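2 protein chains.
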Amino acid sequence: MTFSMSKALLPVFEIELPALSNILDKAEAFAATKKVDPSVLLNWRLAPDMFPLLRQVQIVADQAKNGSSRLAGVEAPRYEDNETTIEQLKARLAKTIAYLKALDPKQIDAAAEREITFPLGPHNKGQMQGADYLNHFILPNFYFHLTTAYAILRHCGLDVGKRDFLGAIPMKMTAV
Amino acid sequence: MTFSMSKALLPVFEIELPALSNILDKAEAFAATKKVDPSVLLNWRLAPDMFPLLRQVQIVADQAKNGSSRLAGVEAPRYEDNETTIEQLKARLAKTIAYLKALDPKQIDAAAEREITFPLGPHNKGQMQGADYLNHFILPNFYFHLTTAYAILRHCGLDVGKRDFLGAIPMKMTAV
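Chains as they are written, first to last, in the numbering used here: chain A, 1 to 176; chain B, 1 to 176.
Bear in mind the hints are in silico, worked out from the structure with no lab data behind them.
Incorrect hints may appear among the rest.
Where chains are identical, the list cannot tell them apart; a pair therefore holds if satisfied intra-copy or between any two copies.
To be verified - List time: in silico BS3-like cross-link candidates among lysine-lysine, alpha-carbon distance up to 25 Å:
#, residue 1, residue 2
1, Lys172, Lys125
2, Lys101, Lys90
3, Lys35, Lys95
4, Lys172, Lys95
5, Lys172, Lys90
6, Lys162, Lys125
7, Lys95, Lys26
8, Lys106, Lys90
9, Lys106, Lys35
10, Lys90, Lys26
11, Lys34, Lys172
12, Lys34, Lys95
13, Lys34, Lys162
14, Lys26, Lys125
Note that the structure is predicted; figures quoted are calculated from it, not measured.
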């Protein structure tokens, strides 16, 4: 067995959550250099009816935490959604990383054909098979909010690039 | 065997490439309503040093085509990068969907521990194990450019939402 549900999920979060934390560090430094309050960045949106940066980061953490927990068949801790600073958002990401490490990968592996039920807003619930839930809900939503967070900061002028987005990936780079 | 490399990859493209094609249809209609040339949208960027919409869509197709081909151990067809219209971009996505259907999933499944070599710009190459390449290169890059394409259009005022982004996912929705 060389690939599995847990291997398609947990390593992604292990690398991407710290990557987002590092991008937030750069955003903090950028705000200081530009002499703008970091909350200006945290409240920036790409469109009036899209979430601002702060909420994008909260949702990134929640997709990782809630999605993995549902596949593992355990109750996820609930976060208060009371962050107002970059430092607090980084703490939320760090807490999520620590939480994910404690999940049992074997429980996630066993969920490929299990029916997963999850809330869709306040009035509806969704149901998908575990493998579909991973492929078509957890990861696309995770990357959607991660990329949108990145794009908001790029739009505001932060000097980050694809390597910041990808994070500390296990890649060997050599000259052609 | 209930999950595998090919199952983590091909179903994502099968759903997301048509989803992007549908979003491009809405962008075409939006341009007509607003009486702007669609090329205004295709050349829109979120930051001066980010790619415009047209290039984002080209790269979405290429990540799917090239990433899957490298895992399957076959040579991917090379696209000309000569699209200038939404219709041509949609044809590129359709061509990619057809190409992916012809790949052998078993070859992709066998690549989890194989060393994959791939170009990184004109001067460098990257090397990763197959499973890492899927998790930390193909999918993050695919979703990065897909989300950025979506975000450009949202920023321009296109009325699309998360369901357009997720596409026709195998989800059953019911009231709570």
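### Query
Going through the earlier hints one by one, which of them does the structure break, listed in rising order?
Of the numbered hints, 3, 4, 5, 8, 9, 11, 12, 14 do not hold.
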